[in-house]
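Residues per chain, in single letters:
There are 2 protein chains.
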Amino acid sequence: MQNTFEAKSTNNQLQAINAALSDGAFVEVQDMLRSLPPCDVALLLESSHSRNRTEIWQLIEPELYSDVLEELSEDVRNGIIRQMLPERIADALEEMDTDDLVETLSSLPEAVSQDLLASMDEQDRHRAEQGLSYGEETAGFIMNTDTVTLRPEITVEVFLRYLRLKGNIPENTDTFYVVDRDDTLIGGVALTKLVTAAPDTKVNTLIKNSEAIPATMPESEVASLFERYDWLSAPVVNEDNHLVGRITIDDVVDIIREDAEHSMMSMAGLDDEEDTFAPVIQSTQRRTIWLGVNLFTALMAAAVSDLFEATLNQLAVLAILNTIVPSMGGVAGNQTLTLVIRGMALGHVSSNNAKWLISKELAIGFLNGVIWSILIASVIAIWKQDLMLGAVIAFAMLINMIAAGLAGATLPMIMKKLRIDPALAGSVILTTITDVVGIFAFLGTATWLLI
Amino acid sequence: MQNTFEAKSTNNQLQAINAALSDGAFVEVQDMLRSLPPCDVALLLESSHSRNRTEIWQLIEPELYSDVLEELSEDVRNGIIRQMLPERIADALEEMDTDDLVETLSSLPEAVSQDLLASMDEQDRHRAEQGLSYGEETAGFIMNTDTVTLRPEITVEVFLRYLRLKGNIPENTDTFYVVDRDDTLIGGVALTKLVTAAPDTKVNTLIKNSEAIPATMPESEVASLFERYDWLSAPVVNEDNHLVGRITIDDVVDIIREDAEHSMMSMAGLDDEEDTFAPVIQSTQRRTIWLGVNLFTALMAAAVSDLFEATLNQLAVLAILNTIVPSMGGVAGNQTLTLVIRGMALGHVSSNNAKWLISKELAIGFLNGVIWSILIASVIAIWKQDLMLGAVIAFAMLINMIAAGLAGATLPMIMKKLRIDPALAGSVILTTITDVVGIFAFLGTATWLLI
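Listed in order, the protein sequences are those of chains A and B.
Numbered by my numbering, the letters in the first sequence go through residues 1 to 451 in order.
Numbered by my numbering, the letters in the second sequence go through residues 1001 to 1451 in order.
Only chain A is shown next, with the shape it has when bound in the complex:
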């Protein structure tokens, strides 16, 4: 009856489906797809070549459309919806949970989503419009509206009888919300408390004074609250403290992953939702801007070198060694930058400790500068048989390591104040600084001492 989970099984199923697809065994594929849970069908679509996705989609039973769409990442979902018939889209949307419905609608072109909204029934349109009104990446946008509420004066016995009559409870419900006559939230009662309490207990004595989330709170703040307080769900209220929905941990998990990945993807100049298997042209467009920014900074560094053309003309060895100092500064600065960006995301870095953090990073830059200056001076003195050249590169290295520590620690703080995402632009600006400082320090000192 019961089996331990085979980790590799999904991968094998996907492989089998791919094989069947390329053999044209469509009926077989249809059977296989029917036996997979929606999340695995979504994984299959996401792992497939963009061309094959349409083919696979047509083999999925239409009743499963909404479940599969809910599980897909934005990029892939939009690609599929673009090829669906409008009636099919409307059918699929009406079966979705509110949060997925709202997210899907908002990611579609305005004209399409307006048409879809118009074709929905009153109730679905209302819940969609409410979510959309709070704007993307807010608590109101990601909440579900399937809350079960109760009145403070009823007893545990009465409520449990009501639940048995109701017959089912929405997925992932661990808490019911106590509200008064006009839906003002009074508090939450945990299901585990209800089943352990004496039947004649009034529910208002079981209320846990849990804080409510305002519908306008940004989703990343919601995610940190869930993470910090180990919540499974939390109520969402509007500005009048009326209960409007609830957020559950399964949706927050996606936000936590996206937030954590955001820095990594941004630092490489990639979009968070970038689809690994998007068509070539689309991927090229998205990445090309970042390359353009980098070309500009590389040209700036070249322009700095250009100032020292006369020096380079006299000593070709400087040209050979010119990349070492900027490269070390770039690596050291990016270490600091990454650490500070993560510290800010986790809420560890604030104005209280900023000053201390900067002086700490300066000290690390100095120490690492001393260590690697001594090493590089020895290497160059031996390799190029030139003690003075070794001293010049060592001095430039020390200067650049300190600059890297200072820039890596202060840049994210400054950018946060200017409301620029440090993960997106921090790395480029930092590299520009360490390139310029490194080249100036190396070629400048060389011009002064060696020529």
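By construction, these hints were calculated from the structure, which means they are not laboratory data.
Computed from a predicted structure; not experimentally measured.
Using N, Cα and C, we set each Cβ at its ideal position, and we do this for glycine too.
Be aware that one or more of the hints could be misleading.
Within a straight-line C-alpha distance of at most 27 Å, the following computed BS3-like cross-link-like pairs (lysine-lysine) qualify [what the hints assert, rightly or not]:
| # | chain 1 | residue 1 | chain 2 | residue 2 |
| --- | --- | --- | --- | --- |
| 1 | A | Lys202 | B | Lys1193 |
| 2 | A | Lys193 | B | Lys1384 |
| 3 | A | Lys355 | A | Lys416 |
Below, a sample of chain A positions facing chain B; criterion: calculated Cβ distance under 8 Å [stated by the list, open to error]:
| # | residue |
| --- | --- |
| 4 | Arg257 |
| 5 | Met264 |
| 6 | Thr276 |
| 7 | Ile324 |
| 8 | Ser327 |
| 9 | Trp356 |
| 10 | Ile358 |
Given chain A, put chain B in place with the hints provided.
Chain B in isolation, oriented as in the chain A frame:
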């Protein structure tokens, strides 16, 4: 009675505590700490200067030690435990949940943890040793042992009466586990099903055929299962399918964040658990290895340039432009690398689609190469008034962009086969490749055509 959550409040509290600390108002600080939930005390410790941590720790009530230690990151926790009296540590450990107890013990020096184990009572020692026996980063290591079990033949009414007698249910319980006489897992019954079922229903009719997690499964696989199937908790079984514990979503959330952060931190050569406020010497040591690796690769790139010393001697302009091609290759290659590493982590990239992915990245490299070659050729032709020089740099750029796409896509796949973490070493190897190819292509072509 009920207030919406003030996002900034924690930050303000921390600021107030810091101010009180530096004024020496210790009694005040003690009062403030008493009013904070353990997770906020942990956040305060993590955000504090390593010197202040001891001071704050001494002001926390000893009864709260275990709760606060549970919430701390490994680095900070170990720093604090090192300064605690052995009896205090033992007291704190005995009150911990099994997963935190096991994690804490395993992160302490062997001699210390052996002493602590010896001083524990039979039951605590048993649950600790069981967890430790599965080894770090496995399901058995992160599980809790506070499962509530029931027999298949009893009725819902009997079980609910049992729960009321028991009086409390472990935190985050959404499912009870049905086991036979020798603890073999039969399946799980959701609490929501129990409260909606008729009282005379036999529990075995409510069993959801949920898969069990083998205790030896790696924690990152556990995390992807939770993420994919939206579980709140899952049972853990040993090799005989006997129930040994359960894993809950709040612990998995930490693993998901760590896994997602792992790539970003590793790519910058940082330790995942690196403490932003660790002492300078400790941080310098940890980061210095990475700088050493980078210095080695920078010297390799310099050695390649060195092969073209004669060329550089004749044309200083080549020295000025020598960094542009490697830099563009590095950025393009890192974009591909980051995308493929993330795709592998999400389970999207496998042997099924590897070939296609490589050809896609080659195509993107070619396209971006063409775009930026044309641009750089024009810039150089105008800036340096030299058409031929523009053509040389354009050709080198095209070659390097294609090499970057190829290396970025294949490196993580090769490294995964060799069981090397691509996030840790991928970026250095990639940059070495794009530096060497870029310099060879640029200076080599220049030597051939311009000299």
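Here is how each hint holds up against the structure:
no.: 1; hint: A:Lys202 - B:Lys1193; in the structure: 23 Å, holds
no.: 2; hint: A:Lys193 - B:Lys1384; in the structure: 78 Å, violated
no.: 3; hint: A:Lys355 - A:Lys416; in the structure: 15 Å, holds
no.: 4; hint: Arg257; in the structure: 5 Å, holds
no.: 5; hint: Met264; in the structure: 4 Å, holds
no.: 6; hint: Thr276; in the structure: 4 Å, holds
no.: 7; hint: Ile324; in the structure: 5 Å, holds
no.: 8; hint: Ser327; in the structure: 4 Å, holds
no.: 9; hint: Trp356; in the structure: 6 Å, holds
no.: 10; hint: Ile358; in the structure: 12 Å, violated
The structure is inconsistent with the numbered hints 2, 10, although it conforms to all the rest.
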